[in-house]
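Each chain sits in its own coordinate frame; assemble them with the hints.
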Amino acid sequence: MEKVSRLKHVRVRVNGKEYEDVIESRMLLAHFIRERLGMTGTHVGCDTTNCGACTIIFNGRSVKSCSMFAVQADGAEILTIEGLAKDGKLHRIQEEFWNNHGLQCGFCTPGFILQSYWFLKENPNPTEEQVRQGISGNLCRCTGYQNIVKAILEAAKTRVEVPAMM
Amino acid sequence: MSQVFGASVKRREDPRLITGYGHFTEDMVLPKMASAVFLRSPYAHAKIKRLNTEKAKAQPGVIAVFTGKDTESKLAAIPTAWVVTGAEVKATKYLPIAVDKVRYVGDPVAVVVAQSLGEALDALDHIEIDYEPLPSVIDQEKAMAQGAPLLYDDVPNNIALHWKAGGGDIEKAFREAEVTIKQRVVNQRLLPTAMETRGATAEYDIGSGQLTIWMTSQNPHVHRFLISALTGVPEHKLRIIATDVGGGFGSKIPCYGPELVVAWLAMKLQTPVRWTEDRSENYLATTHGRDHVDYIELAAKRDGTILGLKVTAYANMGAWLSTAAPGVPTILFGLMLSGPYKIRNIACEVFGVLTNTTAVDAYRGAGRPEATYIIERSIDMLAREIRMDPAEVRMKNFIPENEFPATVATGLSYDSGNYFQTMTKALELVNYEDLRREQAKLRAEGKLLGIGISSYVEICGLGPSSVVRATGFGLGLWESTTVRVHPLGKVTVFTGASPHGQGEETTFAQIVAQELGVKFDDVEVIHGDTDRIPFGMGTYGSRTTPVAGAAIAVSCRKIVDKAKKIAAHLIEAREEDIVLEDGKFHVRGSNEPSKTIAEVAYAAYGAGTKELPTGMEPGLENTTFYDPPNFVFPFGTHICVVEVSRDTGEVKIRKYVAVDDCGKQINPMIVEGQIHGGITQGISQALWEEAVYDADGNLLTATLADYAVPTAVEAPHYDLSQTVTPSPHNPIGVKGVGEAGTIASAPAVVNAVVDALSHLGVAHIDMPMRSDKIWAILKSKGIAK
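Sequences listed follow chains R and D, in order.
The working numbering applies: residue 1 is where the first sequence begins, and numbers increase by one.
The working numbering applies: residue 167 is where the second sequence begins, and numbers increase by one.
For reference, chain D alone in the conformation it holds in the complex (with noise of 0.2 Å):
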C-alpha cells in the first residue's frame, strides 16, 4: 500500500463545490421562510429618542418587527468568553439589538421579518427613529484621553483592559544597552472578507421543540453553548449546522447579535427565518481585526545582540468586547513577543480601548501578526543602527537548535525548532548575496529595489485545557473525535473541528487510513453538525490538524488495539505478537494468517463465524477527547524582493520566498495551499488593506469597491520551501499552518519597502503602503517629481 500520510492527495471536498453542489448556510430553503433583515444604527454613537414601528408593520408582506425592547429580556446580553487572567477586563453590554443607545454605526436598533427579503428591505424604510447624536471617538489613543466621550458609563477612560506581561528585568537591559532603537508603528484595522458573508437560517419543530441553526460558524458546538445559554433553548433541544463554510478567517468564531435574534424570531413566529449579511452590512457588523498602535523600545549591543523588547500596545477593541476579543492582543500577542529569538528581557503593557467603530477580533494570525511585526520591523531597524545585515542580526539571536524544548522570557515553552535551517535555504533560495550586489549596483544607477526577510514563530494548537483555562478562557480547547468502523470495514471519523476551506475532510482520511490501514476512499470525514459529532470546539488558531488531528489518531490507536485482540482470537496467535503491516493484522514474521481490519470489524459485531473474545464489548469504534500537552510552534522565515518606482512610489514585488516549518506534512499541496493563501493576506495588509473611519464614524470602505481586496493582477507568484522538524509532543508530528503565510509576510514586505529607501534615510513606514503614501516619501527626498 502506498503511503497516503504525507502523499498529495486530491481534496475530496472539491467534487461537490467545483460542480455547485456544496451545501453553505443560504443555501438551504425551507417552506414558509421568512426574511429578516436588521435597520442598522446610521450614527457611531448616539442616543434613541423615539423608535415608532408601526407603519413597517403595516407593510406589505411583513409578518413581525421587534425592537431592542422587545427582545431585552428574551436574549441576554452577549459576554467575551476570554476574561484574561491578571488583566482586568470590564465586561460590555453587547445586546444583540440595541436599547436606548447605539455605540458603533452598524448597530442594529430593530429586526423586520418579512415574507420575501424585497418586502423587509421596503419595510425597513418605514420605521420611524429619532436619534440624538453624541460625541464619538475612533481612535484608540483618544478614546483614552481624559474627556473623551465614554461608550458605557462603567468603563472609566473607555480602557477595558489592561494587561502586562514579560519576564527578566527589563530596566537592567535598558541600563546595558549600547544602542536603543524607539518606534512607534501602526498595525492598521483589517477587514476578514470571508468570501461568503455572514447569515442563519432557523427553523423551531412545534412537535419536538427542537431548534436548528444553520449557519455561518467556525465553531458550531461553541456557538450552541453560548445561544442555548443566551436564549435558553436548552443544548439538547438545539442543532447547529455549518457544513460549508466559505471562509472564515476568524471572523466566523464570535458570537453575534443577529443569529440570536433569528433563533428567537422561528421560535416566536413559529415560521423558519433566515437572514444573511450583505457585504455592506457583513463590513459594518462582523468583527474586524488588527488595529493596533504600539510604541517600541528595543535594547541591543553594537554586536547586534538583542538585551531586551519593551512594548507599550494600545489595541482597539471596538464598540464591544467579542468573543475571543481579550487574549488577543494579550495572550496571543503579548506572550509571543520573543519571537525565534533569545531576548532574555520583556515587558509588555496593553491598553484595550473601546471605541465608536465594529468590534476588532481574531483576524487570521490574531495578535501573532502584531507581534511578529513589532520584532522584525525593531531587528530591521537595529541592522540599520548598527550597519550589519539584517539576516545576520537575525542569526545572531535566534534560539539555537540544541535549546529546545525552549523557555523564553514570557514564559511559554517553544516545543521544536531549527530557525537557522529556515533561514540558510531561504537565503539560499533567493540569492541574498547576489540581490544584496544587485541592489548596491541599481542604487548606484538610482534605481530602488529591496530585499526584507521576516523570521517568524508563532503559537498554535490551542491548546492544553489547563495552560488555557488559566489564561481565562471559558473553556477548554482540546478536541474531539469519533472514530467507528462500520461492520464491512469502512470509517466514519466525526471531528469537532469544523473545517471551512482547510481540506481536513481529506487530510484526516489520510490520517486515518494511515493508521488503521484502509484505503483512502473508504473513509469518510463527517463535521459541522452539533447532533452528528462529539462536542467539539472547532477550526482557529491553527489548531485543527495538531489537536483534532491528534484526536483521530489517537483514536485510530486504540482501535488497532481491539482490532489487534481480535485478530489474535480470530487467527489464534498471541495479541503481544500481532503486528498491522500494509492493513493487514498478522504475526509478526510472518504474512499469513492475516486479518483485514474490514474482516475483524465483521467480527466484532458479532457478524463472524467466531464469537468475539469472552467479555470483549461488541463493536469498533473510539471517542477520544484529546486535550494537548504543549502547544505547537512552526516556524519558518520568509524573503520579499520589491522594485519602488521611482516616479510613482508604486511596489512591485519581484520575488517572494518563503521557508516554513510546520512539522510533518500530511498533504504538501493543502500546505502550499494554506501558505499561499497566508501570504496573499498579509502582503495586502503591508501594501493595500486598510478599513477606514471618517472623524464621525462612518466605515468610508463600506464595500467591496473600496475595500482593496487583491485580486490574481496584484497578488504575486510565491515561491515555498520547506524543512520538518516534527512536534516531539504531539503523536503525528504536525504543527499548524493556516496562519503562518500571514504572521510572516506583512513584516517581510515592510522591511523590503523600507530597505528600498534605507539610503535615503527613511528608518519606517506604515502600513499600509500604497502608491501615494510612497511616492510623497520620494518627493520629499526629491527623488519623484
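Excised from the complex, chain R in its bound form (with noise of 0.2 Å):
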C-alpha cells in the first residue's frame, strides 16, 4: 500500500473543542484520542474490545474506542473522561465513584464512569441487576464489581438532570 493513500483528514469535536489532524487511516479512535489529542485518560486495556478501558461517548452512545478508526469519527461529537467534570466540578457519577469506592487502581474506571454516563441516560432508575447487565462489556480486575454497582445506584438515586452533554 502507498504510504500517501493511508493519510486522511479528520475533523471531529472532542469535549467541545474542534480538532483537525491528517492521520493514517489505520489508527484507531483510542490511540488518537490519546496520541494525538494528548487526552490520556481514555485507557487500552485488550484489543479485543472486551475490557472497555477504552470506552468514550460517540455522537452520544457508548463505543468502545478501540474498535473504531480514527477515520470514522471525522465528523463526530465525543466525550471523553477529561471532559464531564465541567467547570471544576465533579459530574454526579464520578462523585458517586469517589464516595463508594468504586474504583482501586483506577485504570479501568474512565471506561466504567462513560459507560454508567451513557447507561443511566438510558436507563435513569435502574435495579442492581440491570446496572450489572449495563456494565458487563467493562471489565475491572481490582474491586469484584460490588462498589461499582453501588456507585451507579448512587448516581441514578441523586436524581439531578443528566447535563446535555455538548
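Derived by calculation from the structure, the hints in this document are not laboratory data.
Any given hint could be a false lead.
Pairwise CB distance ranges (calculated) [what the hints assert, rightly or not]:
1. R/K89 <-> D/K403: 57 to 63 Å
2. D/A257 <-> R/K17: 17 to 23 Å
3. R/R26 <-> D/K223: 43 to 49 Å
4. R/R13 <-> D/K223: 56 to 62 Å
5. D/D813 <-> R/D87: 19 to 25 Å
6. R/K89 <-> D/E738: 28 to 34 Å
7. D/E747 <-> R/G60: 40 to 46 Å
8. D/A950 <-> R/R26: 55 to 61 Å
9. R/H9 <-> D/L866: 40 to 46 Å
10. D/K308 <-> R/R26: 40 to 46 Å
Fair warning: this is a prediction, and the values are worked out from it, not measured in the lab.
We put the CB at the ideal spot given by N, CA and C, even for glycine.
The following block contains the structure:
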C-alpha cells in the first residue's frame, strides 16, 4: 500500500472543542485520542473490545474507541473522561465512584464512568441487576464490582438531570 | 479533632483517576520517542536456525532491529532473586532476547524500533527466521519423567527446584490414624490480568548520563537494583518512575527482559523508546500464577482430630525461574500447610518443574491460596468421611486463642488469632443451622444446594529481614520512609512501598494525621519514584500497611519526640511533662500554653522568635528503615452458599459471607474494597478461570475473549464482617488484607459445590468448576439429561 493513500483528514469535536488532523487511516480512535489529542484518560486494556477501558461517548452513545478507526469519527462529537467534569465540578457519577470506593487502581475507571453515564441516560431508574448487565462490557480486576454497582445506583438516586452533553 | 485513623476517609487517589488525569506508564509522551515491538516465538520449543533482519531494517520508519546476539554481551541473563535455602535450586538462563533456542511461545527473538508503533509492527513481518521445532513438554508431571524433552542441558529431568519441609513425626501420625484421606488436587494455572498491561518508556539524558525508566512496577527500587546490575547503568544514574500502576497482583514484581532491552535501546539509539504489551503479549510474556498438582494424604482420628498432613506438590515453574518464583511453592506454600489448625505432624515435598510455558511467579496470594486449598479441601473430605459437620471439624482443630503466639509444625510463629470468633460470626451471619435444614429439605425435593466453609490464616507483612534472608531471598524485606514536616506545618511522606490501587496515599496520610496531630489534608504521600524516595522494597505480599505503615508510625513518633523537646523549650516547660493531644503540645493537665506542630516546625527550621535549644540540630523530619520483628498472620472464615442447576450444571452463588480479621483497620472502606476484589479473584478461579495450553504449547486463552475474567454479571454480592485482633508486635496493630479474600474464597466455593453434590457420592471436583464439567458429573449420576 502506498503511504500517501493511507493518510486521511479527520475533524472531530471532543469535549466541546474542534480538532483537525491528518492521520494514517489505520489509526484506531483510542490511539488518536491518546496520542494525537493528548487525552490519556482513555485507556487501552485489550485489543479485542472485551475490557471497555477505552469507552467514550460517541455521538451520544457509548462506544469502545479501540473498535473504531479514527477516520470513522470524522464529523463526530465525542465526550472523553476529561470532558465530564464541568467548571471544576465533578459529574455526579464521578462523585459517587469517589464516595463509594468504586475504583482501586483506576485504570478501568474512565471506561466504567462513561459507560455508566450512557447507561443512566438510557435507564434512569435501574435495578441492581440492570446495572450489572449495563456494565457487563467493562472489566475491572480490582473491585469485584460491588462498589461500582453501588456507585451507579447512588448516582441514579441523586435524580439530578444529566446535563446536556454538548 | 475527630479520629481519622479508623475512619472510612474518601481516597485521595481518586480525583485524578476519575477525571482522566492519572499518570500511567503509557501516558508518558516524550519528544522524538520511538516505539519498540518484540518478535516472539510461535514455537514452544525450537532451535533458531536462521535469523535475518536486513529486510526489516530497510522498512519505512525503522530505526533499528536487534536480536539476542546483539544484546547478549550487553544485557546479562536475569537471575531469580529467591534461591530458597535448603532447596536444590537450578538457575536458569533467562535471556532478555533468546539466543539459538526458544523455550516457550512468546519467547522474544528480536526487537524492532521504529518512529511509530505501526511502522514497527509492519517491520516485524519482514524479519526472516527459520526454526527447527523440538519436542515440547507442558505438563509438570510429564516434564519430570524419564525421556522428557529437556529445556536446559544442565537441569536434569527439568527439576529446577526440590524442597522439603515439615515437622513432627509424620510416620507416627499415619500409624496412629483411624482414618486417612488421599486425594490428588489440581490448582490450575491462572493469568493475573492486571487491566494495565506491562510497559516501559526509557529516556537517556546524554548530558548527565542519567537513564530514566517509566515502567509498570510494584517495586521500583528492586527494579532499579536489578536493572542496574544487569545493564551496568550505575544505580545513582538510574531513575525508575511508577506513579500510577494499573493493577499488578504480583505480575509486576518480577524483572523481565523487555524492560532491560528498552533501557538499553534508549542509550544505544540515544532516543526515548517506548514499549507497551498488547493483551496477548501480556498473556504470553507476563508471569502466570498457581499451576500445582498436589498429592494430599491426611491422617486423623474418628473424632475429627487431625494427626498429620503429607503433601507432595508438583509446581509448574514454566520456562524460566522468575524473580520470586522459587519462594512461592516453598516458603509461602509449604510453611503454611498447618493453616489455622493444630496439625502436629506435617511433611511436604515440592518439585518445581520447568516446562515449555510462560514462567509462573507470584499471583495474588502466591502459595498461600494453594496451601489453604489443600487444607480446606482435606478437612471437608475428612468431615464427609467421618460424617461430622465440617464447621465442627474445623473448630475441633483450631489453634485456641490462649496459645498465641503459636508455633506450628512447620516452624512459623503465628502472632495473634481468634479463629473461633470469626467462625462463630460467619456461621451466625449465614444462618448456618437453618441452611443445613433447608439443604436437607431441598435434597428431598431433588434440588442441589451446597454450603462451603473455608477458614484460613495467611503469612504476610514480609518480613523480618533476618528470617527472609535465611530463606534465601536476595534482599532484606524491611521498608523505608521519610516523614518531612515543612516549616509551615504541612507534611510530606515518602514511602518505599509502591501502591497500585491499594489506597495507601490515603491510609498513610491517616496514620500521619493520627500520629502527628495534623490535618489529613495537610499530608501528602509520595511513592513510586526512586529519585524522590529512600530505597524501598515495594508493594506485594500484603506487606504495605504492616511494614511501610509501621515505618511511617515509627518515623512520626521520632518526630514527636523531637517536637516535644522544642515545644518544651518554647513554652518553658519540662520535656517529660509535654504531651501531644488534639494536635497541640502542652503540659499534661493544662491546655495552655500550647504549640501546634506547625509552630514547632516553624521554630525547628529557625524561623521562630526563639532560638532552638542549644546543640539541637535544625529541621523536623525523620527517615526510618523499619524491619519488622515477625510476620503478621491475618485470618478469617468465609462461607459460600451455592445452588447448582440439575439441568445445566451451572453454579449460582446465592450468598457469600466473609468474616476477616486483619488487626486494626485504618480505613474500613478500603479494607472492604480489598476483600471484595480478592474474593472475586478466588471465586473466579473456582468457577471460571483457567489458562489452557494445547499439547504443542500454544496458549489457547491468549486474549480477553478467551480467558474468563468475570464481569459484574457473574460476580456475586458479598456480605462482609470483621473481628479485630491486633498484631501484638506491630506499632499500629495492623496486619495485611490485600490477599486474604483470594486465599479464602476458592476453597469456600469448591467446598460448596462439592457439598451440593456430596449425597451423590462426589468427593472432589477440580477447578474450574464450569457448568460443562458439573453437567457431565450430574449426567454420569443420572441427574442431568
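R/H9 versus D/L866 beta-carbon gap, inside 40 to 46 Å or not: For D/L866 against R/H9, whose Cβ atoms are near 42 Å apart, the range 40 to 46 Å holds.
Outcome for the supplied range 40 to 46 Å, where the beta carbon pair is D/E747 and R/G60: Distance hint for D/E747, R/G60 is violated at roughly 57 Å.
Pairwise beta carbon distance, R/R13 to D/K223, judged against the given window 56 to 62 Å: violated (41 Å)
Outcome for the supplied range 28 to 34 Å, where the beta carbon pair is R/K89 and D/E738: violated (49 Å)
Whether the CB-CB distance between D/D813 and R/D87 falls inside 19 to 25 Å: violated (56 Å)
Beta-carbon spacing of D/A950 to R/R26 - inside the hinted bounds 55 to 61 Å or not: Given a distance of about 48 Å, which is not inside 55 to 61 Å, the answer is violated.
CB-CB spacing for D/K403 and R/K89 relative to the 57 to 63 Å hint: Since R/K89 and D/K403 have Cβ atoms about 44 Å apart, the given range 57 to 63 Å is violated.
Cβ distance range 17 to 23 Å for D/A257 and R/K17, holds or violated: For R/K17 against D/A257, whose Cβ atoms are near 56 Å apart, the range 17 to 23 Å is violated.
Outcome of range test on Cβ distance (R/R26, D/K223; 43 to 49 Å): At 22 Å between Cβs, range violated.
Consistency of beta-carbon spacing, R/R26 to D/K308, with hint 40 to 46 Å: holds (43 Å)
In summary, the structure is inconsistent with hints 1, 2, 3, 4, 5, 6, 7, 8 from the numbered list given earlier, while agreeing with the others.
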